[in-house]
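**Q** Residue numbers (my numbering), protein chains in the order written: chain S, 11 to 176; chain H, 54 to 184.
Keep in mind that the hints are not guaranteed to be accurate.
For the chain S half of the interface with chain H, some residues (derived, Cβ under 10 Å), not all of them [as the list claims (entries may be wrong)]:
1. D12
2. A13
3. L17
4. A21
5. A64
6. F80
7. R100
8. G131
9. F146
10. F153
11. E154
12. V158
13. L165
14. L170
With the Cβ distance kept under 8 Å, some of the chain H side facing chain S (calculated, not the full set) [unchecked claim]:
15. V115
16. F117
17. V129
18. F155
19. V171
20. L172
For the record, the hints were derived by calculation from the structure and aren't laboratory data.
Computed from a predicted model, the values in this text were never measured in an experiment.
All C-beta atoms in this analysis are idealised placements derived from N, C-alpha and C, irrespective of residue type, glycine included.
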Amino acid sequence: MDAVLFLVFAAIAVACGISVVVQRHPITSAISLIGVMGALAVLYLLLGAEFLAAVQVVVYAGAIMVLFIFVIMLLNAGVEPPGGRSWPVRLLGLPMLVILVGLLSFVIRRVFAGGEEVRFGAFTKGGPREIGRLLFTDYLLPFEVTSVLILVAILGAVVLARKEID
Amino acid sequence: MPSSYPEIYFPILVQVLIAIAIAAGMVVGSWLLGKRVRTRAKDMPYESGMVPVGSTRERFSVKFYLVAMVFILFDVELVFLYPWAVVYGELGLYGFLVMFLFIDLILWGFYYIWKKGVLDWSREEPAGSQA
Numbered sequence: 011m012d013a014v015l016f017l018v019f020a021a022i023a024v025a026c027g028i029s030v031v032v033q034r035h036p037i038t039s040a041i042s043l044i045g046v047m048g049a050l051a052v053l054y055l056l057l058g059a060e061f062l063a064a065v066q067v068v069v070y071a072g073a074i075m076v077l078f079i080f081v082i083m084l085l086n087a088g089v090e091p092p093g094g095r096s097w098p099v100r101l102l103g104l105p106m107l108v109i110l111v112g113l114l115s116f117v118i119r120r121v122f123a124g125g126e127e128v129r130f131g132a133f134t135k136g137g138p139r140e141i142g143r144l145l146f147t148d149y150l151l152p153f154e155v156t157s158v159l160i161l162v163a164i165l166g167a168v169v170l171a172r173k174e175i176d
Numbered sequence: 054m055p056s057s058y059p060e061i062y063f064p065i066l067v068q069v070l071i072a073i074a075i076a077a078g079m080v081v082g083s084w085l086l087g088k089r090v091r092t093r094a095k096d097m098p099y100e101s102g103m104v105p106v107g108s109t110r111e112r113f114s115v116k117f118y119l120v121a122m123v124f125i126l127f128d129v130e131l132v133f134l135y136p137w138a139v140v141y142g143e144l145g146l147y148g149f150l151v152m153f154l155f156i157d158l159i160l161w162g163f164y165y166i167w168k169k170g171v172l173d174w175s176r177e178e179p180a181g182s183q184a
């Protein structure tokens, strides 16, 4: 059951990911990206990371998608003309993909040789309570530094866009 | 009372499936049942609505982008508030101070964007840019 759920949502994620790249219109790509993020949220949930799954939907599929859509509107990106691929891409694309997948699977099999199967529901410490306890005790410094990061990001966003506003 | 994870999340799976079924059902149903009559008025972007003026392919003001950017940042801040609120009872005053420090820094950012006029939409657009 767990393996079936994983395979179904992993397949959805990969299919939507391919769709992001293949679509000619940027808005269609952005909507495909929502599919990727939704499927990833389910994969997080299968690992037991409940809170992360919810945040994945709220922040990524919500806020970051809005930003992407606004960027597409800002750049006024239209339908991309079908462009021919250059000959090195045609020649080397598929062999390189095979090599990459082969290398990745080899390394993963080596590194996680003694790994055990993940069961949905075996790990139940991914809720907001457990995350909150860890965040405000062991990981307090990273948490506080995050506020500096957010502050810098606010300043950066305003400075970058200020030329257009003034 | 459901106890195991699969039991807890099964209703959500059912809800998602129902939502997909309703959305697909409406599209397929109207495609199967509806008549296909095309007139000039029907092919307009807003049937029986306002007549569109100009092109829809206009560049949007950078203000939209800024608001979206600021929205993400405050969204990330809110995400941290959620686990904090759940364990607040255990943390007590310590939790209050820790979060005060966190929010305080971000409020300075809020003050900055306020003073910069990022949230001010009533200002005149400078010539050349389209809102």
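**Q** If a hint holds in the structure, say so; if it does not, say that too.
**A** Okay, the hints, checked on the actual structure:
1. Evaluation of the D12(S) hint against chain H yields a held restraint, the C-beta minimum of about 9 Å falling below 10 Å.
2. Proximity of A13(S) to chain H is violated relative to the hint, the smallest CB-CB distance being about 13 Å (cut-off 10 Å).
3. Here the hint on L17(S) is broken, as its CB sits about 15 Å from the closest CB of chain H, past 10 Å.
4. Below 10 Å, beta-carbon pairs count as interface contacts, and A21(S) has none with chain H, the closest being about 16 Å; its hint is therefore violated.
5. Checking A64(S) against chain H by beta carbon gives a least distance of about 9 Å; that is within 10 Å, so the hint holds.
6. Annotation: F80(S) was flagged as interfacial toward chain H, and the flag holds, the nearest CB pair being 4 Å apart, inside 10 Å.
7. Of the supplied interface hints, the one on R100(S) is violated, with its beta-carbon coming no nearer than about 33 Å to a beta-carbon of chain H, more than 10 Å.
8. A cut of 10 Å between beta carbons decides the hint on G131(S): the least distance to chain H is about 3 Å, and the hint holds.
9. For the restraint placing F146(S) at the interface with chain H, the shortest Cβ-Cβ distance is roughly 6 Å, inside the 10 Å limit, so the hint holds.
10. The beta carbon of F153(S) is positioned within 10 Å of a beta carbon in chain H (closest approach about 7 Å), and the interface hint is therefore held.
11. Given hint, E154(S) at the interface with chain H, holds; its Cβ is 6 Å from that chain's nearest Cβ, closer than 10 Å.
12. Satisfaction of the interface hint for V158(S) is found here, the shortest Cβ-Cβ separation to chain H being roughly 6 Å, below the 10 Å cut-off.
13. For L165(S), the suggested interface contact is upheld, since its CB lies about 7 Å from the closest CB of chain H, less than 10 Å.
14. Hint status for L170(S) relative to chain H: holds, with the closest Cβ pair at about 9 Å, below 10 Å.
15. The interface hint given for V115(H) is met, as the beta carbon of that residue sits about 4 Å from the closest beta carbon of chain S, less than 8 Å.
16. Contact between F117(H) and chain S, as hinted, is supported at the beta carbon level, the nearest pair being about 5 Å apart and thus within 8 Å.
17. With a cut of 8 Å, the hint placing V129(H) at the interface with chain S holds, because the nearest CB-to-CB distance is about 6 Å.
18. Annotation: F155(H) was flagged as interfacial toward chain S, and the flag holds, the nearest CB pair being 5 Å apart, inside 8 Å.
19. Interface hint status for V171(H): upheld, as the beta-carbon distance to the closest one in chain S is roughly 6 Å, under 8 Å.
20. Taken as an interface hint, L172(H) does not check out: its beta carbon lies about 11 Å from the nearest beta carbon of chain S, beyond 8 Å.
When each numbered hint is compared with the structure, violations occur for hints 2, 3, 4, 7, 20.
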